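Residue numbers (this note's numbering), protein chains in the order written: chain A, 1 to 75; chain B, 76 to 866; chain C, 867 to 1004.
Keep in mind that the hints were calculated from the coordinates and are not lab data.
On a predicted model such as this, the values are computed, not experimentally measured, just so you know.
Please note: incorrect hints may appear among the correct ones.
Okay, the calculated bits of chain A under chain B, using three or more residues with CB under 8 Å as the criterion [as the list claims (entries may be wrong)]: (1) 10 to 22; (2) 40 to 52; (3) 66 to 73.
C-beta: ideal position from N, C-alpha, C; glycine also.
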Amino acid sequence: MAIRYLKKHAALEGSVSVDDAESLTQWLQRQPAPAVHLGKCEHLHGAVLQVLLALRPKLVAAPADPLLAAVLRGA
Amino acid sequence: MNQTELLEQFVIEARECLEAIGARLLDVERDPTNQELLNDLFRSVHTLKGNCGLFDFKPLERVMHAGEDLLDRVRHRTLDYSGELADALLDAMDYAARLIDQIERSGRIDDGADAQSIVHAQALRALFDSVTAAPVAVVPAAAAAPAVAVSQAAPDWLARLEAALLAAHPAATAVRYLPEEGCFFKGEDPWRLASTAPGLLALHVDGRQAWPEGDERAAWDCYQCNLDIVLLSSAACAALEQHFRCVPEQVVYHQPQPQPQPEHQPEHQALPLPLSTEALDADTDSDPAQATLRQRAAQLWADQCALLARSGLSAGTVQATRKTLHGLLAAVDDAASKVASAELDAVPDARLLAWVRQQALQDQSLLADDPAADPAAVLQPADSMVSELPQRFEDSSGGHPHKVLKVSQEKIDRLMELIGEMVVAKNSLPYLAQRAEDVFQQRELSREIKAQYAVINRIAEDMQHAVLQVRMLPVGAVFQRFGRLVRDISRKLGKDVNLVIEGEDTEADKNVIEPLSDPLIHILRNSLDHGIETPDVRRAAGKPAAGTIRIAARQESDRVLIEISDDGAGVNPVRVRAKAVERGLIPADRAALLSDDDAVQLVFLPGFSTVDTISDLSGRGVGMDVVRTAIARINGGVDLRSVHGKGTTLTLSLPLSMAVTNVMIVESAGRRLGVPMDLIVETVRVHTDDIHHFKQVRTTVLRGRIVPLRALNELLALDAEPLANEQGELAVLVVRIGNQNVGLLVDHFQGASDIILKPLEGVLAGLTGFAGTALMGDGGVLMVLNPKELL
Amino acid sequence: MNRILVIDDAATVRMYHRKILGDAGWHTDEASNGVEALERVHAQDDDTAFDLYVVDVNMPRMDGYSFVRELRRLPARHQAPVVMVSTEAKAPDASAAFDAGSNGYLVKPARPSGLVLTAALLLGDRPAALKAAAGVKP
C-alpha cells in the first residue's frame, strides 16, 4: 500500500518500490494537474524518483528526508 | 598503574610472543602447509608489532613489521616457506630478543640500534621483494579497484555543486555516478546507493538526457535509468570506492586538491564535518579544544548516519546508536543540541535516519506546513530480543571456558614465603599450649589452644598445597627451547634429527623444573654428538637416515618421570669398561666381572669421558656425573639404559614438588641439623661396645645386618667426636642411601618437624651435602642435610 | 560513573587502553577475546552495565566483528556504543565495522587523546571531551 491515489494527488507513503513506478507514471500522465504528497514517504526506489524528476508533479508536501527533499526541490 | 608496570607487561608479552614465534617456526618447518600454524605464527608477530607501536620502539617495530609483511605473504600463499626464510626469521627474532633485553634493563632501546634493525628488516624484505624497505608506518591502502578514475582537472559536472560548498570543504571528494540504463532490471537502486554514501555533504540528481516533453512522455519507459548523480563527500576516497565497489565503471571521482597519503593516521579517516555549518560559523569562541571537539563530534555524527543508512539493522544497533547520539549531543552541549536531545527519544526508529541527517545539514526547515510526524511509524523495529544466550559463541568444547591469570613469578614467591612463615609460626602453638599447662597451670586454655592449632594446621596445609599447585609449571616450559637447540646442533653436525616431545603438560614444582634445564641440555648434546650417527652410518646400519630423540614426561604417584631416549649408537660396554680401567676408575678385574648393563653405568663415574677428542659442542666432554649430581640436588635420580647399536634411554625421576618436608632434627657438635624423614629408616641407640672398628670404618649390627656407621661430625668436617649418653650409647640415625643402610652418628635426636625446605641460594648454592635450609619456629635456621651427597 | 569494556587479545594493549581510559576518570574492565567479552557483559547487572565497548578487530576464538554482531542481538540493557580499534586503516575494514553495528572506528595505535576524545564523545562526558580535545594535535 505504498501509493494512495486520491482525488487531487497521489500520496506516497512508507516504502515505495520499483514496481510502483509504472502505475505512478500512468496515473500522473492522466492527471490534468498532477500532484504528489510525500509527507509520509520514508523511502523510495530510484525508478520512482526518476518518475518524479521526469514528470515534475507538484509537491504538495515534502518528504521528511532532507536529501530527497533537496533533490526534488533542486530539480 | 604507571609506566614501569606497562613496560614490564610489554616485556612479558614480548617474550611470550618470541617464544611462540620460535615454537611455531619449528612446527611450520615440519608442516609447511598447515594454515593454522601459519596464521598462528603471523598473529604472534602481529601482536608484538602492535605492542611496539604503543611505545616508541622504532627499531623493534621496524623488524617486526618486516617479519609481519613476510609472514602475511606466506600465509596467503603468495610466498613459499623455506629454510632460508626460517633462518632469517630466527635471526631477526634473536635480534628482537636482545632489544627486549635492553628494554627490560633500561626502559628503552640503545642508541645506534636503528642501523642494525634496518639490516635485519631488509634481510627479511629481500626474501619477497627486490625493492627494499617499505615505510615503517602504516599506510592506508586504497581499495584496489582497477577502473577507478580520479581526475584532477575540474570536470564540467563539478559545476553542479555549489561553489560555496566546495570552498567550504576543500579536501572533499566529488563523485559523479552515471548508473547504466538497465540497472533497474539488475535490481540495483542507484538512488539508494548514492544517498547512503559515507560523509555526504551534498547530493544532486539530474537527467542524463533531457526528460521527455509533451508527446514523448506517453512513450517514455520509466524503467530505463536516466539518472545523472553528482555528490560531494567528506569521506576518504577509499571509503567511497568501497561504497561504490559494485559499479566502479559507472563512477568517477574528483578531488579538487590532491589528498596527501597520511603516513600514520591514528584517527578515523573521514575528515572533519561540522555538525552544523551555522553553529561553527556563528561560533566566535576561538577555543581550539572546543573546535576540535565539535569537529570530531560531527565526524562521529556522520558515522551514525552511515550506520543507520545500512539495511538489516538490528534493534540492538539502533538502541546503541541512540545512546551514541545522546552522548554526542551531551558533549556538544549547545542550544541546538539541547533541543535535539529533548526530541531524540520521541523520534521513531523509522524516522531516525532522516532526523539524524536533518540535524547534520541543519538548513532551513525542510518540513513544509505538514502535519506533525505520525507517531505510529510504518516500520516497526524488531521486538526486543529474548534474553537467551545464543549457543553460537559459547566455548565449542562445551565446557566452561578456562580462565587463566598471568601472575609474575615474584608474587608467587612472595606468597610462598608468607605461607612458609605461617607454617612455621603455627608450629609454635603446641609449645605454647604446653607452656600454658606446665608453667601457668592453665589446662583448659592449653586444650583450647591445641584444638585451635589443629584447625589452623589443617588450613595452613591446604593453603600450602594450593600455593604449591600454583607454582607448578608444565615441564614443557623447559622443553620448549630444545627444538631450536636440536635443530641448530644437528645441522651443524650434518645429522638429521627429529625431536619428539611428549607429555609436556606434565607439571612439577618450579624449583624442580628450572634446575632441569642444564642437565637436559647436556644429555641432549651428548645424544646429538655421540649418540645419533650421521645419515650415512645410519643407513649402513639399516636405520632410517633421520635419527629420533624422544623426550617423554609423565607423572607417577609423587614423582615426575622424564625419559630421554634416542635411536642412536648406544653406549658400547666394551669401550666403557676399557676407558674406566684406563682412567684408573675401577680395577681391571672388577671391570671384567661387570655385566654389560652394569658396565654401561660406569659412565656415571666422575672423570669419565667416552670420547678422545673433546667436542667443542659439549665443552669439556661433559660427563654423566655432572648430570647425575645436578639431578640429585633436586632430589631426583638418573637411570641409564643402553643397547649398543640400538640406542640409549635416560630416565630422570624427580619429586613432584618441593612440598613440606618432614625432617628429623638432630644435634651434632652443638649444631642443629635436619635430615629428611623419608630417608630415615630408624633411630636407635647403640652401645659403644657394639660398635666394631675395621680399619677406619665403624660398623654395627642391626637386625642381623651389618650397618656401616659414619660420624656426622666427620662428614661435616666438624672437629668433634660423637657424644655418648650416660649409658655409653651413641645415637645412630639410620638412613637409606641407594640400596644401603648407613648409620649416622649424632649427638642427640630432637624430634620430627614439618618444614618448608628452601634450596640454598647465592653463595651457598654450591655447597654440597645440604638440601637446603628451613626457618624454625624459634626463628633459627635449620640446615637440612642431603645425606646422599654427604656420603 | 561510566564503565568501559576493553577487548583485545594483547595484554599490553589492554593495559595501555585501560590506563588511558582510567586516567580519564572512567571505570574499565577487560576481556581478551569475544567469548570472554560476552561473559563479562552477561556478568553485569543493570547497575554495572557497560556504557562503552572498545573492541579490537583481530582476536582469536571470536573476533571483534563477531562479538559486536552477537552483542547487538542482546537485550537493550546491554546495548551501548561500540568503537572498534584496528591496525588496518583500510576502508573495507571500517565499513565492516559499521556493518557489524559499531558506532566508531579507530586505527591502532590510537593516540591517547584521540581515543579518550572519541570515548568521551560517545559517553557524553563533555568535561573529559574538552580535556582530551585540548590534547589532540590538529
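Hints and how they fare:
no.: 1; hint: 10 to 22; result: holds (count 6)
no.: 2; hint: 40 to 52; result: holds (count 10)
no.: 3; hint: 66 to 73; result: holds (count 6)
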